[in-house]
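**Student:** Heads up: the sequence lines are chains A and B, in that order.
Using this note's numbering, read the first sequence as starting at 1 and increasing by one per residue.
Using this note's numbering, read the second sequence as starting at 363 and increasing by one per residue.
Worth flagging that the hints you see were computed from the coordinates, not collected in a lab.
Glycine residues also receive a C-beta, built at the ideal position from the N, C-alpha and C atoms.
Incorrect hints may have been included.
Straight-line distance between alpha carbons at most 30 Å, and here's what the computed DSSO-like set of lysine-lysine pairs gives [as the list claims (entries may be wrong)]:
1) A:K358 to A:K47
2) A:K262 to A:K325
3) B:K620 to B:K552
4) A:K325 to A:K297
5) A:K262 to B:K511
6) A:K297 to A:K226
7) A:K47 to A:K325
8) B:K620 to A:K262
9) A:K358 to B:K511
Ranges between beta-carbon positions, derived for each pair [what the hints assert, rightly or not]:
10) B:R489 to A:V110: 35 to 45 Å
11) A:I141 to B:A494: 27 to 37 Å
12) A:K358 to B:E402: 26 to 36 Å
13) B:L514 to A:A287: 51 to 61 Å
14) A:L122 to B:R592: 37 to 47 Å
15) A:R188 to B:A598: 43 to 53 Å
16) A:I141 to B:E452: 26 to 36 Å
17) A:Y348 to B:E402: 51 to 61 Å
18) A:R181 to B:E452: 15 to 25 Å
19) B:L514 to A:A102: 37 to 47 Å
20) A:L345 to B:G576: 51 to 61 Å
21) A:R120 to B:D590: 27 to 37 Å
22) B:S378 to A:K358: 41 to 51 Å
Okay, here's what each chain looks like letter by letter:
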Amino acid sequence: MANTLQPLVSGRRNALDWWLRERVWPSPFHILLSFATLALVVPICVKIANWAIFDAVFVSTGPESCRDAVGACWAVIAEKHRVILFGLYPFDEQWRPTLAVAIYLITVIVTLTPRFWSLRLLVPLWTIAVFVIGALMYGGIGPLRIVPTTEWGGLALTMIMFSGTVILGFPIAVLLALGRRSHLALLRSVSVVLIETLRGVPLITILFVAVNVFPLFLPAGTNVDKLLRVTIGIAIFFACYQAETIRGGLQAVPEGQYEAAKALGLRYWQMTGRIILPQALRIAFPAIMNHVIAAMKNTSFVMIIGLFDILTATTAVMQDPVWRKYYVEAYTFAGFVYFAFGFALSIYARLMERRMNKGYVS
Amino acid sequence: MSALANHVEEARQAPSLAVSIQGLCKWYGSVQVLHDVDLEVATGEKIVICGPSGSGKSTLIRCINGLESHHAGRIVANGVELDGRTRGLEAIRREVGMVFQSFNLFPHLTILENLTIAPMLVRGTRRREAEALAMNYLERVHIPEQARKFPLQLSGGQQQRVAIARALCMQPKIMLFDEPTSALDPEMIKEVLDVMLELADTGMTMLVVTHEMGFARTVADRVVFMADGRKVEEGAPNRIFDHPQTERAHAFFRQVLKH
Ligand SMILES: Nc1ncnc2c1ncn2[C@@H]1O[C@H](COP(=O)(O)OP(=O)(O)OP(=O)(O)O)[C@@H](O)[C@H]1O
Ligand SMILES: [Mg+2]
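The shape of chain A in the complex, shown without the other chains (with noise of 0.2 Å):
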């Protein structure tokens, strides 16, 4: 390890040669492996090149646009990109979703920057935007006709479930996980009879359960809408993969915070909010955004049950006989705005895992 510190003693190029040295050649059977391993990636990304961009269309002139295309042809996603983002929405009404998309993106910025942590603005801010969005996208109100949520799609949808998991899912799961170590034996059984039951349990069933099941339990006339009946089953779901990461977090805050809190008249749940939950959600704050993030794409699951997420649409983009055969174009786009909102969950995260180590010196 002592030669990790060269680089900084020494200037820049010596660093070059350092690294050359030190992690591209340090041995014969290192110079073959480093020569192993371009040799495999480099004609595979000449490839991927090649068909993404240099043999690829990106204008459409219409159905004939990439009769003669020999890489992707992204003219598909120009032609469907209504249908993909938008699902079934009705095609005038879809400045609707995009302003709700909007909204809610804003929404997501302010409350994922530290300097707006208060509840005293978050609370209305979402109250406000949950207002605005189900007002746009549902209608009713005013000139907007009514779209009903069997006709959502698209990215609204998947966003709206996506955030609906995490709003409704998070404080779900600090309660379960506080509950697994409280010292009533009832609550405690409780929690852990959920946990242990639903993460045993496929996403899928939960979803069947929610779509079919679910609405025998409810006394008839009622009706509660599928939509939030597949979300809150999802947000569940999260919940207690959830509440097991919290829970890490909980046992490694060391039982001295207790005490210390205790002793300076804190009572339970002053304690746990100021003290021990602000510790236990950074310790285990990787843990539980790689679960939000998981969260995201498993929304993608309700296309099982006919719910027109993000995915669906796709599906549905391929029924089209003229753009059928461009399927792979279709779903590399629908990956891509998966693989967006993940990475920038991910820059976030480590953003925050930065901000959060302030005061801790190692």
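For chain A, the structure is supplied; the task is to place chain B with the ligands on it using the hints.
**Tutor:** Same frame as chain A, but now just chain B with the ligands:
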């Protein structure tokens, strides 16, 4: 310094018996760790508790603010009986401060926030007042310049002084110390003991578990020697250190005083 004056004034008005413990017994599972302990502490009195490891010193003082529950006997602190009811427990914890061996500062809060959180949440003090109070106590422990730092950026001795200031910010009537200097490097012990000496001069009622015999001789009105969960002997520091009456105490002090 008006906070300090208030302190002394309130201490005068408090019940003349700060802590009264009678027949205290405690078990961990089937192991009895406190046997029938009696202890009365007058207001303003300074008690040093010492004894071999595992003799129940920590358990005893942790029972006083309810960090440990007891199974038999009575504990009355600051006029409130600790009877397992939440109301009494909260009342006692408001008036009894505690300093731990491992400091237990809140690492995610700045020094100032460490000091203001309890007054604001528990006493409902407004932020500005709480911060003024906190700065006042930080000056008394000689580190006002560290207010904006985080605990782990401070040395052990500084952290322990912050911990003392944090407890004092609740303006307690009684202070408990559980081996406050045992986790410190020798050069930092003195700065913490000095702060404790200054605190003793204000008339605070103090129960201190420590093996710092110099501190005990200067400050303690009484030294309590414990062994095997029993109060074996008590008396004025010079008497008990120089002329212990039991064999246990004799052996222990010979060991400790040698260093
Ligand atoms: N949580 C616990 N569970 C079981 N036994 C315990 C627990 N805490 C303490 N004990 C036992 O109770 C006895 C008294 O412990 P206590 O911590 O009060 O001793 P002490 O005099 O403070 O010792 P030290 O000088 O090492 O701090 C010891 O025998 C110890 O092993
Ligand atoms: Mg101890």
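**Student:** Each hint should be assessed against the structure and marked as holding or not.
**Tutor:** Results for each hint:
Among the hinted pairs, A:K358 with A:K47 is inconsistent with the structure: their alpha-carbon atoms are about 45 Å apart, more than 30 Å. Simply put, A:K262 and A:K325 have alpha-carbon atoms about 66 Å apart, too far for the 30 Å limit, and the pair is violated. Proximity of B:K620 to B:K552 is assessed by CA-CA distance (about 19 Å); at most 30 Å being required, the pair is judged to hold. Only pairs whose Cα atoms come within 30 Å are accepted, and A:K325 paired with A:K297 is accepted, the gap being roughly 25 Å.
For the hint linking A:K262 to B:K511, the alpha-carbon distance of about 23 Å falls within 30 Å, and the restraint holds. Simply put, A:K297 and A:K226 have alpha-carbon atoms about 19 Å apart, close enough for the 30 Å limit, and the pair holds. Taking the CA atoms of A:K47 and A:K325, the gap is near 20 Å; set against the 30 Å cutoff, the hint holds. Among the hinted pairs, B:K620 with A:K262 is inconsistent with the structure: their alpha-carbon atoms are about 37 Å apart, more than 30 Å.
The suggested pairing of A:K358 with B:K511 holds, with an alpha-carbon distance near 10 Å, which does not exceed 30 Å. A beta carbon spacing of about 25 Å between B:R489 and A:V110 contradicts the range 35 to 45 Å that was offered as a hint. Checked against the given bound of 27 to 37 Å, the beta carbons of A:I141 and B:A494, roughly 51 Å apart, lie outside it. Distance hint check: the CB atoms of A:K358 and B:E402 are about 47 Å apart, inconsistent with the given range 26 to 36 Å.
The hinted range of 51 to 61 Å is not satisfied by B:L514 and A:A287, whose Cβ atoms lie roughly 23 Å apart. A:L122 and B:R592 have their C-beta atoms about 56 Å apart, which leaves the hinted 37 to 47 Å range violated. With their beta carbons about 50 Å apart, A:R188 and B:A598 fall inside the hinted range of 43 to 53 Å. In this structure the supplied range 26 to 36 Å is violated for A:I141 paired with B:E452, their Cβ-Cβ distance being about 49 Å.
In this structure the supplied range 51 to 61 Å holds for A:Y348 paired with B:E402, their Cβ-Cβ distance being about 59 Å. The supplied range of 15 to 25 Å is met by A:R181 and B:E452, whose beta-carbon atoms lie about 22 Å from each other. Separated by about 42 Å at the C-beta atoms, B:L514 and A:A102 satisfy the suggested range of 37 to 47 Å. Evaluation of the 51 to 61 Å hint for A:L345 and B:G576 yields a pass: the beta carbon distance comes to about 58 Å.
The hinted window of 27 to 37 Å between A:R120 and B:D590 is violated, with their beta carbons roughly 56 Å apart. For the hinted restraint 41 to 51 Å between B:S378 and A:K358, the CB-CB distance of approximately 48 Å keeps it satisfied.
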